[in-house]
Every structure is written in C-alpha cells, then in structure tokens.
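Starting from the structure of chain C, add chain W with the ligands where the hints point.
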Amino acid sequence: MRTAFIEELCELAATDKKVFLLCGDLGFSVLEVFADRFPDRFMNVGISEQNMIQVASGLALEGYNVFVYSIGNFPTLRCMEQIRYDVCYHNLNVTIVAVGAGYAYGPLGVSHHTTEDIAMMRSIPNMLVAAPGDPWEAKLITRYFVQNPGPGYMRVNKAGELAVHSTCGLGAIEPGSLLPIKEGVGTAVVSTGAILDLIVSQLDAKGLRYGVFSCPFISRLDSDGLMGVLKRYNQVITVEEHQLSGGFGSFFLEEINRLHVAGLIDEFPLVRRVGIPDIFQGFAGTQDFLREKAGIRI
Amino acid sequence: MRSIDLARSVRMKALELCFTKKASHIGGAFSIADVLAVLYSEVMKIDCDKPSNINRDRLFYSKGHACTALYAVLDEVGFFKDLNLMEEFTSNGSFFTSHVNHRLPGVELSTGSLGHALGVSCGVAVAAKRQNREYQVYTIVSDGELDEGSNWEAILFASHHKLDNLTLVVDYNKIQSFGRVEDILQLEPLVDKFEAFGWDCLEVDGHDHHAISKALIHRGKVRVKPTVLIAHTIKGKGVSFMENNLLWHYKSPSEEEYVAAKAELEARL
Ligand SMILES: Cc1ncc(C[n+]2csc(CCOP(=O)(O)OP(=O)(O)O)c2C)c(N)n1
Ligand SMILES: [Mg+2]
Chain C
1 MRTAFIEELC
11 ELAATDKKVF
21 LLCGDLGFSV
31 LEVFADRFPD
41 RFMNVGISEQ
51 NMIQVASGLA
61 LEGYNVFVYS
71 IGNFPTLRCM
81 EQIRYDVCYH
91 NLNVTIVAVG
101 AGYAYGPLGV
111 SHHTTEDIAM
121 MRSIPNMLVA
131 APGDPWEAKL
141 ITRYFVQNPG
151 PGYMRVNKAG
161 ELAVHSTCGL
171 GAIEPGSLLP
181 IKEGVGTAVV
191 STGAILDLIV
201 SQLDAKGLRY
211 GVFSCPFISR
221 LDSDGLMGVL
231 KRYNQVITVE
241 EHQLSGGFGS
251 FFLEEINRLH
261 VAGLIDEFPL
271 VRRVGIPDIF
281 QGFAGTQDFL
291 REKAGIRI
Chain W
1001 MRSIDLARSV
1011 RMKALELCFT
1021 KKASHIGGAF
1031 SIADVLAVLY
1041 SEVMKIDCDK
1051 PSNINRDRLF
1061 YSKGHACTAL
1071 YAVLDEVGFF
1081 KDLNLMEEFT
1091 SNGSFFTSHV
1101 NHRLPGVELS
1111 TGSLGHALGV
1121 SCGVAVAAKR
1131 QNREYQVYTI
1141 VSDGELDEGS
1151 NWEAILFASH
1161 HKLDNLTLVV
1171 DYNKIQSFGR
1181 VEDILQLEPL
1191 VDKFEAFGWD
1201 CLEVDGHDHH
1211 AISKALIHRG
1221 KVRVKPTVLI
1231 AHTIKGKGVS
1241 FMENNLLWHY
1251 KSPSEEEYVA
1261 AKAELEARL
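Respectively, the protein sequence lines represent chains C and W. When the first sequence is numbered by our numbering, its final residue is 298 and no position is left out of the sequence of numbers. When the second sequence is numbered by our numbering, its final residue is 1269 and no position is left out of the sequence of numbers.
Just so you know, the hints here were simulated from the structure itself, not pulled from any lab data. Remember, it's a predicted structure, so these values are computed and weren't measured experimentally. The C-beta atom is built at its ideal place from N, Cα and C for all residues, glycine as well. Some hints could be false.
[Said to hold, decoys possible] Derived list of chain W stretches under chain C, where covered just means 3 residues or more per stretch with a C-beta under 8 Å from a C-beta of chain C: (1) 1173-1182; (2) 1234-1241.
[Said to hold, decoys possible] Derived EDC-like pairs: lysine to aspartate or glutamate, alpha-carbon spacing no greater than 20 Å straight-line: (3) W:Lys1214 / W:Asp1005; (4) W:Lys1214 / W:Glu1203; (5) W:Lys1021 / C:Asp288; (6) W:Lys1262 / W:Glu1016; (7) W:Lys1022 / W:Asp1005; (8) W:Lys1022 / W:Asp1082; (9) W:Lys1081 / W:Glu1016; (10) C:Lys293 / W:Glu1088; (11) W:Lys1251 / C:Glu32; (12) W:Lys1022 / C:Asp288; (13) W:Lys1174 / W:Asp1164; (14) C:Lys206 / C:Glu116.
With the rest of the complex left out, here is chain C (with noise of 0.2 Å):
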C-alpha cells in the first residue's frame, strides 16, 4: 500500500507542481523516488512529528499541496492540536499519511499499535478520513486527496498486501462509497482497511455468503448508497482493525441512527460490530497473531 501510495503521488507530482512531501526522518527506501525526483519539493522535518505539522500548515497556507508521511501514532495522536487548530480549523491543504494501521507492526509493541486513530481523527470537524481495504484503493484514495483540497488522513498497512479489487473494476473513489466486493444474502459485511482480505477468506473457509462491501472512507457516508445495502440486506457486520470505541463500526451506527431518525429506513437492521474491544495488547505477536487474539473474525 505504501508503494501503491508513493508511486502514484509521484505520477500526480509530475504535473501538479503544488505536491510537497514532508517526512518525519521516516521513510527509508520508500519516499527516495519522490525525494530523488523532486529534491525542492521534500523535505525531512526530523523527529518532530508535531513542528512537523504545524511547518505543513504554513506550506499549505502558502499554496501547496501538502503530504505528511509517517508512522503510526507519530503523524497522528501525538500532534492532535495541531491537527485540529492548524490544519483542521483553517481547512488547510495537508494529507496525514501514516503506515502500520492497525496490527501491523504487531511485534514492534504497543507504541506501534495504530487502534485509535480512526476515532481521534474523524472526530475533528473538515477532516477526511480514509482506510483502503489493497492497494488499488490506496492508489485512488492517493489520487483523490491530490485532486481534492482540504484536510485527509490515509491510515494504511505496509506493503505487499493482496489486491482485492480486481483492477479493472475500479476506476475512481468518491467519498462515502460502499464499493461491493461479493454479492451475497442477508447479511452485509462492511469493512474498512487492509482486514478486508482476511475478513473475504474468512467467509470463504466458512462457506457464509454474505454480501461484502469495502468502505474506504469513514466521512461522508453516502446515504443512497447505504439504503441501497439496507434494502437487500437485514442485517450489517462492520470490520475495523481499530477500537470498537468511536471507530469504523461506531461511524457505521451513527449513520444508519441517522438514516432512521430521518425516517429514511423502515427498520434498524441488526449491526454487529467486529473490531478491538477498547484494550491494549501489550504482548507481541504476528499482525494475524493480535488480530485474532483481539477478536476480530467473523
């Protein structure tokens, strides 16, 4: 995902003299093709994830387009003020990038856990949040925060992730799409993020056909979209590799309340929700090691 993210920011680059990538001394062996490319439109902050920020802010104020890239918590949690002031409230150009989403630094510790950034993220008002499900979706996801202005946070896994898509389907992602990955019956699996391809196998192995869609974008949820999946479908599991807390799933609820309290659905189809129980792992252990131990199967 993060190559699917480096290469087409770089093809967008190309053309869109606007594009800055600033690191935060992460990075190595993947951002030198940027770097390499355009050396005056990179630079490394250093270890400073916050002045790091704030220094995307000032780029953003005077005209550029501005990538962050990190990882983790780093790009994230640790500069929250600065996300929701500088960036958020003055609606500035600044896309937070950050790998390790979830589970996947898994043996690295509890600092490289990514399990709350939904949450603190999509709380900030102008901010959009995104999580691809494979790297087809990063790279549109990448394609649409370049094209779009305003404030976007990417979580996405690492590298070498299956494609789920099959290429040719996909052409752009808007915000709020439900993009379908399997019809099925009843139930309607919804997912965000990189678990998409082990949450597909799981139905698989099991032989469950239920209907799977990808949710990459936990904003904006598109409400013509989401009665289209209600009206086929009586009942919704959500998937996050994130805390059940304010997350993936909590997005989800909310906006089947709203539809309900509009009176726009009949009935408010039963929502089981598949994700971190709001706990820390303090050991370590394999990205699918910690995710099973955290409960997130189907």
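Here is chain W with the ligands on its own, set in the frame of chain C:
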C-alpha cells in the same frame, strides 16, 4: 561482572537476538552497550530480585527501538531469571516486544515513541524530592530523538526545578533514521545548548568505560543542577562493517554477517 565483560555479553546477546529473530536497530543497541554496562555493573543501586524496591535507582530508556541492548543487560544482571529472552523475544504472546516494554521486570517505562522518557523522568525526580528519597534517576536518550520538542520542554523543566537527582545520557552516535544528524537537524553546539538551559554538562567517549564511570560516579557531589553526559558514540560500535553505517539501523544480519560479527566481537576480548 566487570563492565567490559558485561558490555561484550550485551553486544553478543543483542547480535544473537537481531539475527535469530530478524530484528532491527542493532546499530543503536551497540552504540549504547558500553554506557549500559557501566550503569548496571558499577553505578546503579539495584537488586534484580527486588525490581520494584522503592529505593532503587531508576533507568528510563527512551530509545525504545534499541531494545535488544536493554533486554540483554537486564538478562545478564539477572532480571529475567524466570523468562527466556532468547526464546521469547518478539514471539506471539510474549512481553518481549521489539520496543521496550514495562511489563518486564526491571523496565521502568514502555518506550518506542521517541521523546517521552525524559519528561517522565522529571516527574520521578520531583517525586523523589517531595518524598525525601535518595534514589537517582538516569535517563538515556538518542541523538535523533532530541529533535522532539518534548525533550526540550523537559530540559527547561529539569533545570528550573533543580533536579540534581537526574542524570541524562545522550547517545550521540551522529546517525538517525534517514541519515546523519548534522544533515537532518543539527544539534550542535549541543554542549552550549545544555549549558544555556542550566545543566551541568560533561562530554565523554561513550565507549571508554573508565571515562563513563568517572563521569557518572565522581561528578561533583554538591550539585544544584541536573547533569547531562554527552556520550560520543559510534553507531554499530564493535563490529567493523556495522560501524557508522545507516543500513544497520534497519538490517538484521544474514547468516554470514552474523558469523563475521560474532568473530569480531570475540576477537575483541
Ligand atoms: C515519535 C517517533 N517518531 C518516529 C519514530 C521512528 N523512529 C524509530 S528509531 C528512529 C531514529 C532514531 O535515531 P536516533 O534517535 O538517533 O536513535 P539511534 O541512533 O540511537 O538508534 C525513528 C525516526 C519513533 N519511534 N517515534
Ligand atoms: Mg542516533
């Protein structure tokens, strides 16, 4: 154990861990191995059988990514008698995460997000004063880590509050994640900075055990300032092909490299 022997064992063990478990950050583990060896063999008052003794000296290890050196030294001095570091390191379900984990005996604070431990150490040093306790607080930060503003807030705080029970060691190995410190974010003149911030500042060769121990033990008895020891070190110190080489911030040794590194460490006896 003599500090020289301890340092050698620490490097051996760190190498072994990075090799068998495919772990990173051996460069930063080797640069700090000598300071840790001196602290644990000669300086700190600790008892591995009583890791929560209220009067123990505290070590806050901020550069949590270089965990193999701290785990190795704690293992060598007996904190992990009931655990199996070599087996469990980074394994599923083990507290031996590859960033320092406080759920292990002898570890005061989980670290891994840089720039946290110095501020916490300040709180611990204040607590010692308010509660009339004699323990000393030692904190180790890396040089790239000093980019973080949180450290400079703590540096201001420590001198304002005259935390003379706090000793900071900077592992000044001149390299961070993407290159040399002087190219990414210059720290120089570092001594002047600390002095201007009101600290007692000592510079030592961070691989000279005698100098480290002298600086840590024999520094002025009457102090009203926090002390910082700027330890000039070499990233990857001890294995020629790892020294001063950015790649060893990331790489874990191949079989061949492991054998060669082990031979070099053994030859240094
Ligand atoms: C807040 C934060 N930002 C970024 C990182 C990623 N990171 C891990 S090690 C490292 C570089 C460390 O260089 P330095 O501080 O000089 O340590 P050493 O040379 O002793 O290994 C970085 C940027 C981190 N762990 N925490
Ligand atoms: Mg360094």
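Consistency of the hints with the structure:
1. Counting residues of the region 1173-1182 of chain W whose beta-carbon sits less than 8 Å from any beta-carbon of chain C gives 4, enough to reach three: the coverage restraint holds.
2. For a cut-off of 8 Å, the count of residues in the region 1234-1241 of chain W with a CB near a CB of chain C stands at 0, and the three-residue condition is violated.
3. Restraint check: the Cα-Cα separation between Lys1214 of chain W and Asp1005 of chain W comes to about 18 Å, which is no more than 20 Å; the hinted pair holds.
4. Our distance criterion of 20 Å between C-alpha atoms is met by Lys1214 of chain W and Glu1203 of chain W, whose separation comes to about 11 Å.
5. For the suggested pair Lys1021 of chain W and Asp288 of chain C, the alpha carbons sit about 17 Å apart, so the restraint of at most 20 Å is met.
6. Proposed proximity of Lys1262 of chain W and Glu1016 of chain W is supported: the alpha carbons are some 9 Å apart, at most 20 Å.
7. For the proposed pair Lys1022 of chain W and Asp1005 of chain W, the alpha carbon gap of about 25 Å is over 20 Å, so the pair is violated.
8. Taken as a hint, the Lys1022 of chain W and Asp1082 of chain W pair is broken in the structure, with Cα atoms around 24 Å apart against an allowance of 20 Å.
9. Note on Lys1081 of chain W and Glu1016 of chain W: the hinted pairing holds, with a Cα-Cα distance of about 18 Å set against a maximum of 20 Å.
10. With a CA separation close to 18 Å, the supplied pair Lys293 of chain C and Glu1088 of chain W stays within the 20 Å bound.
11. For the given pair, Lys1251 of chain W sits about 18 Å from Glu32 of chain C by alpha-carbon distance, which is consistent with the 20 Å threshold.
12. This hinted pair checks out: Lys1022 of chain W and Asp288 of chain C have alpha carbons roughly 18 Å apart, not beyond 20 Å.
13. For the suggested pair Lys1174 of chain W and Asp1164 of chain W, the alpha carbons sit about 27 Å apart, so the restraint of at most 20 Å is broken.
14. Pair hint Lys206 of chain C plus Glu116 of chain C does not hold up; C-alpha atoms about 29 Å apart against a cutoff of 20 Å.
Hint violations for this structure: numbers 2, 7, 8, 13, 14, all remaining hints satisfied.
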